[in-house]
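Protein chains in written order, with numbering that gives the first Met the number 0: chain S, 0 to 546; chain B, 0 to 546.
Hints in this document: simulated from the structure, not taken from any laboratory.
Every residue, glycine too, gets a C-beta built ideally from N, C-alpha and C.
Be aware that one or more of the hints could be misleading.
[Stated by the list, open to error] From the structure, some residues in chain S lie toward chain B, with a derived Cβ separation under 8 Å:
1. Asp319
2. Thr322
3. Glu415
4. Arg416
[What the hints assert, rightly or not] PhoX-like, lysine-lysine: derived pairs with alpha carbons at most 20 Å apart:
5. B/Lys318 <-> B/Lys362
6. B/Lys274 <-> B/Lys263
7. S/Lys478 <-> B/Lys478
8. S/Lys160 <-> B/Lys263
9. B/Lys160 <-> S/Lys263
10. S/Lys160 <-> B/Lys321
11. S/Lys321 <-> B/Lys160
[To be verified] What the simulated footprint calls covered on chain B by chain S, stretch by stretch (three residues with Cβ under 8 Å from a Cβ of chain S suffice, anywhere in the stretch; the number is not a length):
12. 111 to 123
13. 259 to 267
14. 320 to 332
15. 413 to 422
16. 509 to 520
Number of protein chains: 2
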Amino acid sequence: MASDSTIDTPDADRVYLFDTTLRDGQQTRGVDFTVADKAAIARALDQLGIDYIEGGWPGANPTDDRFFAEPPKMENARIVAFGMTRRPGRSAENDPGLAGILDARVPAVCLVGKTWDFHVDVALEIERDENVAMVRDSIARAVTVGREAMFDCEHFFDGFKANPDYALECAEAAYKSGARWVVLCDTNGGTLPHEIEAIVATVAARVPGTHLGIHCHNDTGNAVANSLAAIRAGARQVQGTINGLGERCGNADMMAIIPNLVVKMGMTTNVGADKLTQLTSVSRMLDERLNRSSDPHRAYVGAAAFAHKGGLHVSAVQKDPKTYEHVEPGIVGNQRHILVSDQAGRSNILARFAEIGVEIDPKHPKIQRLVDEVKEKEFLGYSYDSAEASFELLARRLIQGVPEFFTIERWRVMDERRFNARGDLVIESEATATLTVGGTAHHEVAVGNGPVNALDTAIRKALTPKFPAIQTMRLIDYKVRILPPARDGDGTDATTRVMIESEDETGTTWRTVGVSPNIIDASIAALSDAITWKLLRAGAAVPKTDA
Amino acid sequence: MASDSTIDTPDADRVYLFDTTLRDGQQTRGVDFTVADKAAIARALDQLGIDYIEGGWPGANPTDDRFFAEPPKMENARIVAFGMTRRPGRSAENDPGLAGILDARVPAVCLVGKTWDFHVDVALEIERDENVAMVRDSIARAVTVGREAMFDCEHFFDGFKANPDYALECAEAAYKSGARWVVLCDTNGGTLPHEIEAIVATVAARVPGTHLGIHCHNDTGNAVANSLAAIRAGARQVQGTINGLGERCGNADMMAIIPNLVVKMGMTTNVGADKLTQLTSVSRMLDERLNRSSDPHRAYVGAAAFAHKGGLHVSAVQKDPKTYEHVEPGIVGNQRHILVSDQAGRSNILARFAEIGVEIDPKHPKIQRLVDEVKEKEFLGYSYDSAEASFELLARRLIQGVPEFFTIERWRVMDERRFNARGDLVIESEATATLTVGGTAHHEVAVGNGPVNALDTAIRKALTPKFPAIQTMRLIDYKVRILPPARDGDGTDATTRVMIESEDETGTTWRTVGVSPNIIDASIAALSDAITWKLLRAGAAVPKTDA
Numbered sequence: 000m001a002s003d004s005t006i007d008t009p010d011a012d013r014v015y016l017f018d019t020t021l022r023d024g025q026q027t028r029g030v031d032f033t034v035a036d037k038a039a040i041a042r043a044l045d046q047l048g049i050d051y052i053e054g055g056w057p058g059a060n061p062t063d064d065r066f067f068a069e070p071p072k073m074e075n076a077r078i079v080a081f082g083m084t085r086r087p088g089r090s091a092e093n094d095p096g097l098a099g100i101l102d103a104r105v106p107a108v109c110l111v112g113k114t115w116d117f118h119v120d121v122a123l124e125i126e127r128d129e130n131v132a133m134v135r136d137s138i139a140r141a142v143t144v145g146r147e148a149m150f151d152c153e154h155f156f157d158g159f160k161a162n163p164d165y166a167l168e169c170a171e172a173a174y175k176s177g178a179r180w181v182v183l184c185d186t187n188g189g190t191l192p193h194e195i196e197a198i199v200a201t202v203a204a205r206v207p208g209t210h211l212g213i214h215c216h217n218d219t220g221n222a223v224a225n226s227l228a229a230i231r232a233g234a235r236q237v238q239g240t241i242n243g244l245g246e247r248c249g250n251a252d253m254m255a256i257i258p259n260l261v262v263k264m265g266m267t268t269n270v271g272a273d274k275l276t277q278l279t280s281v282s283r284m285l286d287e288r289l290n291r292s293s294d295p296h297r298a299y300v301g302a303a304a305f306a307h308k309g310g311l312h313v314s315a316v317q318k319d320p321k322t323y324e325h326v327e328p329g330i331v332g333n334q335r336h337i338l339v340s341d342q343a344g345r346s347n348i349l350a351r352f353a354e355i356g357v358e359i360d361p362k363h364p365k366i367q368r369l370v371d372e373v374k375e376k377e378f379l380g381y382s383y384d385s386a387e388a389s390f391e392l393l394a395r396r397l398i399q400g401v402p403e404f405f406t407i408e409r410w411r412v413m414d415e416r417r418f419n420a421r422g423d424l425v426i427e428s429e430a431t432a433t434l435t436v437g438g439t440a441h442h443e444v445a446v447g448n449g450p451v452n453a454l455d456t457a458i459r460k461a462l463t464p465k466f467p468a469i470q471t472m473r474l475i476d477y478k479v480r481i482l483p484p485a486r487d488g489d490g491t492d493a494t495t496r497v498m499i500e501s502e503d504e505t506g507t508t509w510r511t512v513g514v515s516p517n518i519i520d521a522s523i524a525a526l527s528d529a530i531t532w533k534l535l536r537a538g539a540a541v542p543k544t545d546a
Numbered sequence: 000m001a002s003d004s005t006i007d008t009p010d011a012d013r014v015y016l017f018d019t020t021l022r023d024g025q026q027t028r029g030v031d032f033t034v035a036d037k038a039a040i041a042r043a044l045d046q047l048g049i050d051y052i053e054g055g056w057p058g059a060n061p062t063d064d065r066f067f068a069e070p071p072k073m074e075n076a077r078i079v080a081f082g083m084t085r086r087p088g089r090s091a092e093n094d095p096g097l098a099g100i101l102d103a104r105v106p107a108v109c110l111v112g113k114t115w116d117f118h119v120d121v122a123l124e125i126e127r128d129e130n131v132a133m134v135r136d137s138i139a140r141a142v143t144v145g146r147e148a149m150f151d152c153e154h155f156f157d158g159f160k161a162n163p164d165y166a167l168e169c170a171e172a173a174y175k176s177g178a179r180w181v182v183l184c185d186t187n188g189g190t191l192p193h194e195i196e197a198i199v200a201t202v203a204a205r206v207p208g209t210h211l212g213i214h215c216h217n218d219t220g221n222a223v224a225n226s227l228a229a230i231r232a233g234a235r236q237v238q239g240t241i242n243g244l245g246e247r248c249g250n251a252d253m254m255a256i257i258p259n260l261v262v263k264m265g266m267t268t269n270v271g272a273d274k275l276t277q278l279t280s281v282s283r284m285l286d287e288r289l290n291r292s293s294d295p296h297r298a299y300v301g302a303a304a305f306a307h308k309g310g311l312h313v314s315a316v317q318k319d320p321k322t323y324e325h326v327e328p329g330i331v332g333n334q335r336h337i338l339v340s341d342q343a344g345r346s347n348i349l350a351r352f353a354e355i356g357v358e359i360d361p362k363h364p365k366i367q368r369l370v371d372e373v374k375e376k377e378f379l380g381y382s383y384d385s386a387e388a389s390f391e392l393l394a395r396r397l398i399q400g401v402p403e404f405f406t407i408e409r410w411r412v413m414d415e416r417r418f419n420a421r422g423d424l425v426i427e428s429e430a431t432a433t434l435t436v437g438g439t440a441h442h443e444v445a446v447g448n449g450p451v452n453a454l455d456t457a458i459r460k461a462l463t464p465k466f467p468a469i470q471t472m473r474l475i476d477y478k479v480r481i482l483p484p485a486r487d488g489d490g491t492d493a494t495t496r497v498m499i500e501s502e503d504e505t506g507t508t509w510r511t512v513g514v515s516p517n518i519i520d521a522s523i524a525a526l527s528d529a530i531t532w533k534l535l536r537a538g539a540a541v542p543k544t545d546a
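Input sequences plus hints: build the corresponding full structure.
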């Protein structure tokens with residue numbers, strides 16, 4: 000039956016990881032992968048140790064066609080082409096859709112078919128026997144042409160609850176036709192963990208657990224638990240996506256499944272301890288590709304997953320991290336963070352100093368002043384726990400002083416939309432800025448594609464001759480938040496908080512914040528901090544006053 | 000022992016809901032509730048049917064002190080004051096911290112104490128017997144002064160795994176001293192569902208399930224499943240927060256727990272079918288209070304929880320929603336959405352028209368053009384699935400035309416930071432705009448706290464005389480996204496997408512989008528759509544050309 004000889008002597012605890020970010024994850028609102036995106040993500044998953052990478056659906060859209068025409072070379076992972084079983088009334092040999100999937104130059108295919116009688120009756124409107132034949136024929140065809148064949152049992156758990164005999168008949172048909180994997184899908188996401196465990200255990204009496212896979216959705220908030228429950232019941236392939244990407248409430252989150260299986264449950268996968276440390280960077284990579292903010296609270300890999308805020312927790316964690324951490328963050332490539340906020344006591348601030356490498360006597364008289372200043376600025380709208388570079392400058396200014404590399408004296412920016420003399424519509428932003436550097440005034444003008452961009456360009460024109468280090472600096476993210484008027488206040492105007500993220504040629508990134516009722520002013524404040532931090536880091540010298 | 004007589008004849012399936020948004024949720028990065036926030040949230044939870052509302056920690060900060068000095072009146076819920084057991088070496092009668100908690104004018108208190116020997120040894124550095132005495136004395140004191148007393152067993156599951164006898168001794172000490180509830184806390188969040196179920200079943204042999212509570216964290220992605228597992232093992236109080244708010248990876252999400260218990264598991268709570276429909280609005284209310292974007296993928300209540308994107312799913316859902324929905328969205332106050340995106344086929348577009356009330360013949364020749372136009376605009380950076388009002392305008396313009404209420408001919412905005420004649424620092428934005436309304440040109444100037452605000456004000460000055468309907472319109476949210484250069488493109492500049500959300504006097508909100516390399520231009524495009532949509536809805540007439 001099976002084409003993979005390793006299951007002749009199965010390692011009972013070997014779990015195979017199947018990632019469907021590039022297929023099921025692509026269904027998500029706002030997600031569209033290019034071919035380059037898919038290849039890069041596939042390579043990262045291969046490096047991580049994923050066994051199967053579902054690359055997409057050949058024939059469904061041009062991007063997937065191009066991906067499968069020239070799939071990226073994998074070191075270990077097998078790329079999988081997804082699609083449907085043959086259509087009703089056609090033979091498997093003579094179905095163009097199926098042929099397209101089997102033409103893909105990849106070792107494995109995964110075909111989805113109905114296993115819930117309700118869907119066969121209402122959605123497909125065909126005979127139940129014809130549906131079973133579609134499953135049988137399509138899997139047999141895939142095996143004949145030499146693919147590792149898998150069958151996705153759509154809506155399996157709803158189907159099993161409604162008509163267990165029919166659901167099992169469909170699953171078994173795939174197994175008996177040579178499917179290496181029969182994947183039980185909780186397509187609507189409505190099944191609970193204890194139900195999954197019981198049903199999978201029942202199925203495993205007909206299709207061995209070594210051939211069973213599980214594919215869950217998060218509509219009840221249980222996708223991860225459901226996946227683990229299936230493994231406990233004997234299934235040995237688990238499907239999921241990076242960061243739980245997927246429509247509605249998402250697919251099962253691989254970033255939680257992998258460490259839970261490997262570290263907590265002692266299962267064997269192709270993600271060994273060394274590869275596991277890539278987990279956090281794989282998670283961030285996907286969010287960067289999709290240009291979305293990372294969820295800081297994501298289990299294991301979120302920026303805040305090991306972040307400690309309250310004073311009591313921080314003291315205990317510093318004594319022994321096991322007091323408040325369930326695993327050591329480094330095993331998944333993550334970090335411990337001590338957050339600064341207006342709940343910060345002295346221990347938080349001291350821990351933050353240690354993290355940024357500032358040596359300070361715990362009894363330094365200015366620490367309390369720093370705590371108070373953080374509280375006050377946060378009341379005004381600053382947020383330091385996502386602007387570490389601004390916090391560092393605030394702290395250094397107070398404790399040891401920061402060189403005054405430059406002063407932005409005044410600026411003006413004009414944005415205009417008008418028709419030019421030729422009758423063309425033009426939109427221009429032009430900025431002038433006056434800076435003092437080393438006692439000399441510099442007055443520059445620049446254009447840009449927006450007011451902040453124009454000002455940034457003018458400021459750099461003024462600074463780059465004296466500070467070549469900022470040439471390699473670029474703005475990579477820009478976030479605006481309109482804050483309500485000061486809480487418990489008297490209705491003064493809303494204020495704007497701008498956070499920017501900068502990057503330099505070494506790939507180092509740093510975040511700064513600016514707050515003002517005026518968005519341009521807030522942006523310039525954040526930018527000024529970003530430049531100052533870079534100059535500090537580069538060891539720049541304050542220029543001597545020109546004679 | 001127990002002070003609550005209803006447990007004499009317990010309803011075996013009655014589960015008590017305990018919300019700790021205002022206490023454990025407050026630990027989250029970026030979260031700071033005012034007293035007004037706390038009162039409003041408490042009232043919403045009371046209306047929803049929550050049994051216990053943990054309001055905070057009297058003595059820990061001024062906001063909590065003020066909250067407990069004058070707690071809001073509840074219709075059904077009991078407000079709970081949180082705090083620690085008495086300190087080592089003090090008596091319960093003579094501990095100022097404990098006294099502060101017991102002084103709070105609320106019916107219930109919840110005291111946290113150690114149950115993991117490791118913490119007693121390393122974090123507290125006291126004798127193990129002293130810790131047990133602290134538990135016993137503090138609970139007894141609370142009962143003596145007439146509070147409903149609860150004990151939070153901190154790190155219970157880690158403690159039970161390390162030293163089950165000691166953990167049980169602490170839990171039992173609380174029960175025997177009169178605690179109504181003994182709450183087992185997975186404080187580090189590292190326990191898996193099957194472990195929770197087994198351990199809670201063991202504890203229930205010593206402390207009856209009717210007195211056991213569960214408090215989980217989401218560090219492994221299993222907080223909801225862990226909570227349900229504890230209920231299956233006999234616990235009858237479950238703790239969580241709105242939207243899973245909490246530090247690190249969050250607390251257990253009440254928005255998933257409640258429907259799972261009530262709809263899926265058939266348990267009885269004080270959240271009946273009618274109150275359950277408030278669930279989605281409670282979730283959105285918290286995010287608004289915290290000024291954070293809602294997670295569209297949140298189970299049950301997320302904006303995308305019942306959103307269908309792919310063409311095949313949409314066809315099936317329209318035949319019968321049960322094909323792809325595990326519950327009917329209305330039961331939790333949510334809605335089905337058909338998303339428009341470049342994956343949209345004809346069926347998506349038609350479904351969207353139905354949703355916005357546009358009558359159209361499915362065979363209308365322009366539908367394909369609309370599908371193509373959406374694809375093209377999304378390639379340029381537009382995103383219609385979060386800008387329904389802009390989609391509606393796009394569709395109406397194509398199918399039936401939209402009146403040309405006004406044209407923005409040209410605009411100019413100047414932002415300046417300078418010192419005025421008195422030597423004060425001023426930051427000003429001044430905008431001029433030229434609009435054509437009913438054949439007449441209007442040229443207005445205005446100042447604002449930023450370029451978009453100034454332009455918006457100038458535009459309204461020009462429009463309000465002819466269109467009084469826009470007077471009640473205001474901008475309530477403004478989001479900027481810098482998009483990378485066109486994918487697979489040749490490196491042309493990044494483009495900016497601005498999404499704005501507007502609101503009018505009826506509380507109706509609508510979202511529009513604008514895309515341009517220039518942020519001001521993108522903002523004006525989004526604003527122009529917002530105004531046009533409002534005028535369309537208000538049934539405004541295009542002004543006749545002034546003679």
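Status of each hint after checking the structure:
Proximity of S/Asp319 to chain B holds as hinted, the smallest CB-CB distance being about 6 Å (cut-off 8 Å). With a least beta-carbon distance of about 6 Å to chain B, the hint placing S/Thr322 at the interface is held under the 8 Å criterion. Proximity of S/Glu415 to chain B holds as hinted, the smallest CB-CB distance being about 4 Å (cut-off 8 Å). For S/Arg416, the shortest C-beta to C-beta distance to chain B is roughly 5 Å, which falls under 8 Å, so the interface hint holds.
Note on B/Lys318 and B/Lys362: the hinted pairing holds, with a Cα-Cα distance of about 19 Å set against a maximum of 20 Å. This hinted pair checks out: B/Lys274 and B/Lys263 have alpha carbons roughly 16 Å apart, not beyond 20 Å. A threshold of 20 Å between alpha carbons decides the hint, and for S/Lys478 with B/Lys478 the separation of about 8 Å falls inside it, so the pair holds. A distance of roughly 14 Å separates the Cα atoms of S/Lys160 and B/Lys263; the hinted pair therefore holds under the 20 Å criterion.
Annotation: proposed proximity of B/Lys160 to S/Lys263 holds, straight-line Cα distance about 14 Å (limit 20 Å). A hinted pair counts as satisfied when its Cα atoms are at most 20 Å apart, and S/Lys160 with B/Lys321 qualifies at roughly 14 Å. Using a Cα cut-off of 20 Å, the hinted pair S/Lys321 and B/Lys160 holds, with the two alpha carbons roughly 14 Å apart. Check on the stretch 111 to 123 of chain B: 4 of its residues sit with their Cβ under 8 Å from a Cβ of chain S, so the three-residue criterion for coverage holds.
Counting residues of the stretch 259 to 267 of chain B whose C-beta sits closer than 8 Å to any C-beta of chain S gives 3, which meets the bar of three, so the coverage hint holds. Check result for the stretch 320 to 332 of chain B against chain S: holds, 6 residues qualifying (beta carbon to beta carbon below 8 Å, three or more required). Chain S is given as covering the stretch 413 to 422 of chain B, and this holds because 6 residues of the stretch bring a CB closer than 8 Å to a CB of that chain, at least three being needed. Counting residues of the stretch 509 to 520 of chain B whose beta-carbon sits less than 8 Å from any beta-carbon of chain S gives 6, enough to reach three: the coverage restraint holds.
Hint check: no violations occur; every hint is consistent with the structure.
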